[in-house]
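Take a look at the letters that make up each chain.
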Amino acid sequence: MAAPALIVFGIFAIVPLFGVAALSLVHWDGLGAITWAGFDNWTAAAEDPVSRNALWLTVKLTVLCVLFQAPISLLLGVFLAGRQRYRALLATLFFLPLLFSSAAVAITFTALLDPNFGAGSALDIPLLTQNWLGDPDLALYVVVFVIGWCFIPFHTLIYQAGTRQIPRELYEASRMDGASPVQQFFNITLPMLKYTIVTSTTLMTVGSLTYFDLIFVLTGGGPGNATRVLPLDMYLTGFRSYDMGRASVLALVLVAVGLAVSLGLNRITGANRMDSQSEGS
Amino acid sequence: MKLGTRRRSVLALGAAAPVIATLGACGNQPGAGDGATAWGLTGGAEEAMRASFEAWNEANPDDQITAEYFANDAYKEKIRTAIGSGNAPTLVFGWAGATLADYVANDQVVDITESTSALTERLLPSVAQVGEVDGKVFAVPNNQSQPVVFYFNNEVLQAAGTSVPETWTELLAAVEALKAADVVPIALAGQSVWPELMWISYLADRVGGEDAFQRVLDGEAGAWSHPDMIRAAEMITELVDAGAFGNGFASVVADAGADHALVSTGKAGMILQGSWIYPEFLTNAPDLVANGDLLFSTFPVVEDGKGDPSNIVGNPANYWSVSANASEDAQASATAYLSEAVYDDEHIDSLLAIGAVPPVAGLEDRIAEEDDPAFLDFTYAMVRDAAHFELSWDQAIPSDQAQELLNNLSRLFLGELSAEEFAAAMDATL
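Chains A and B supply the protein sequences, listed in that same order.
Every letter in the first sequence is one number past the one before it in the working numbering, and letter 53, counting from 1, is 53.
Every letter in the second sequence is one number past the one before it in the working numbering, and letter 192, counting from 1, is 192.
There's no promise every hint is true.
As the list claims (entries may be wrong) - Here are the simulated distance ranges between beta carbons: (1) B:Asp377 / A:Leu98: 29 to 37 Å; (2) B:Thr42 / A:Leu112: 20 to 28 Å; (3) B:Glu114 / A:Arg52: 20 to 28 Å; (4) A:Pro97 / B:Leu282: 34 to 42 Å; (5) A:Leu98 / B:Asp329: 30 to 38 Å; (6) B:Glu114 / A:Lys60: 32 to 40 Å; (7) B:Glu280 / A:Leu98: 18 to 26 Å.
Unchecked claim - In silico negatives: residues of chain B with every beta carbon more than 10 Å from chain A: (8) Ser117; (9) Asp349; (10) Ser350; (11) Gln403.
If you're looking for bench data, these hints aren't it; they were derived computationally from the structure.
Model, not experiment: these values are computed from the prediction.
Even glycine gets a Cβ: it sits at the ideal position worked out from N, Cα and C.
Construct the entire structure; sequences and hints are all you get.
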């Protein structure tokens, strides 16, 4: 039964992975002859301040993204799990960003954040008229915000579904014991959402690690190197500098970090035991 | 359950796979078929190029050329893998410079010195030369010359009590005057970075002459820390410190035209940009142009500088090369097209009609017949009379160095690097 999936996975993931591993050991500019490099690309990447900065930025971006997205999605998801009609209406609005392509979102935000012609100067609000994407100290946070704007709806959806799975009996019983809504949230909702939190956080983490298109269109890695995260660094090294060997090293680092983080998250949270949460099983 | 862990690791691998797959995904476009093929760019002079191919195909049914058009960035990525894997189109669109030298070194393009001599002898020499490698022609121009021009909004300059600067000192004075009038003195699309190249290229040329950058091209050790180059970098820091580009320049994007929009809306006084933005002024600020308040000029002279004031930077043109992987028939069709149809009367007319000046000698009279000859005349004279036409630096040097240059230059403009640090970082790439 798993054979077709394994074949597709083998062709599109495993084979390219070995290809990239082989490329990381050669010098190749995409045009000329391929020459053996040994571990030159690895040492060069390890010593390159731009790539090291990119790795650090990726970690920072990931942590910031999770810290920003997780609480908001959780609260929104729990809120939208209610069956009231106004919540359904709000839900439709909140989920709108899910429908937009990231390139379109990035272009729109670039226009909105433009210090000369953007929302700030159009509405004449000096607070909004900042050098948002041009200030090296601000740009990364703006990127985190825009990524959040795009992806919070998705994670909200996961939390909404997760919350609706929680048996109502638990709430009814706790209400009879006199629990307040806040107590219910911390003692029932949160523990019961444990695996939803793990799933959502894993997706957020791995997603932020490989995040590319939005940042590419929004800042192109700038100003300076302020938002040049690892996937972007890999792309620019491979397809702008045409240094395929170095780019492959960065790709493998990304795979390793992504794998380690996702396995680590599973191990720490105990989700690998996958025991059922439903009553009676 | 152990299985869960394994499935998850496989899932994580899958999540990372698309990123890696992009690295391995090379185009498999069949380029070397029976007839000749060509890949061009969308936008710009695309219409003129389309019309030229259509006219050629109609007149030469035996030498048909099938053309496809791509967006700029997509094309740049596609063409390299296509050429590297032997799937290049017969006619390869390019910017000459280091990429052309790369193609030549790898025998990917053919010598067309003789087969295109009928075309090359009609061209302006400064533009034709760029298509040569070691004295042989490997590329011929196919559209307009694109020099970098200094544009001014005269309404803004006059309101600030200043005028078009002709020297570096006057430029600094104009910056002060415009700042006092509460406008951005010079619009600059810093987020796109490449407009910043225009500044360092012109300044290096005016200070040190064409030798300043020639040393970099020759790979001379310490070429970037030559006093002339350091002086040019210092002048950039001086401009930034003087607030010449305003506070928000690093947020301004050139692709959307947010830089020249500042000038056409009167929020900025000047802009240094390619000749290709002129049509945008016609569209966005017709009144400004009609009133004669959009002025254009060459880059100011730097006092005591070694550069010839007629020197210009920019893109001499875009170029056609002929792929060595194409069949001989296809190559013959392609060179026949190049020598007979490129810059024929119809092609020149269709270029002039969109405000583009082809780099062909003796066009003065034809330009005078156009509706709005002032700008065409200005750019044509600029290219014709230039002692030296310097190819945009990011095209002239190998792509890995060009990336370092863009990166370090943006940090110089942001004030993260001093002129000396910039020079040292760039010397390391030689």
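We went through each hint and held it up to the structure:
1. Judged by the Cβ atoms, the range 29 to 37 Å given for B:Asp377 and A:Leu98 is violated: they are separated by roughly 54 Å.
2. Between B:Thr42 and A:Leu112 the C-beta distance comes to about 26 Å, which sits within the given range of 20 to 28 Å.
3. In this structure the supplied range 20 to 28 Å is violated for B:Glu114 paired with A:Arg52, their Cβ-Cβ distance being about 52 Å.
4. Separation of A:Pro97 from B:Leu282 is about 37 Å and conforms to the stated range, judged on CB atoms against 34 to 42 Å.
5. The hinted window of 30 to 38 Å between A:Leu98 and B:Asp329 is violated, with their beta carbons roughly 52 Å apart.
6. Checked against the given bound of 32 to 40 Å, the beta carbons of B:Glu114 and A:Lys60, roughly 59 Å apart, lie outside it.
7. Take B:Glu280 and A:Leu98: their Cβ atoms lie about 35 Å apart, and the range 18 to 26 Å is violated.
8. The Cβ of B:Ser117 lies farther than 10 Å from every Cβ of chain A, with a closest approach of about 28 Å, so its non-interface assignment holds.
9. No beta-carbon of chain A is positioned within 10 Å of the beta-carbon of B:Asp349; the least distance is around 36 Å.
10. No beta-carbon of chain A is positioned within 10 Å of the beta-carbon of B:Ser350; the least distance is around 31 Å.
11. With a least CB separation of 4 Å from chain A, B:Gln403 falls inside the 10 Å interface cut-off, contrary to its annotation.
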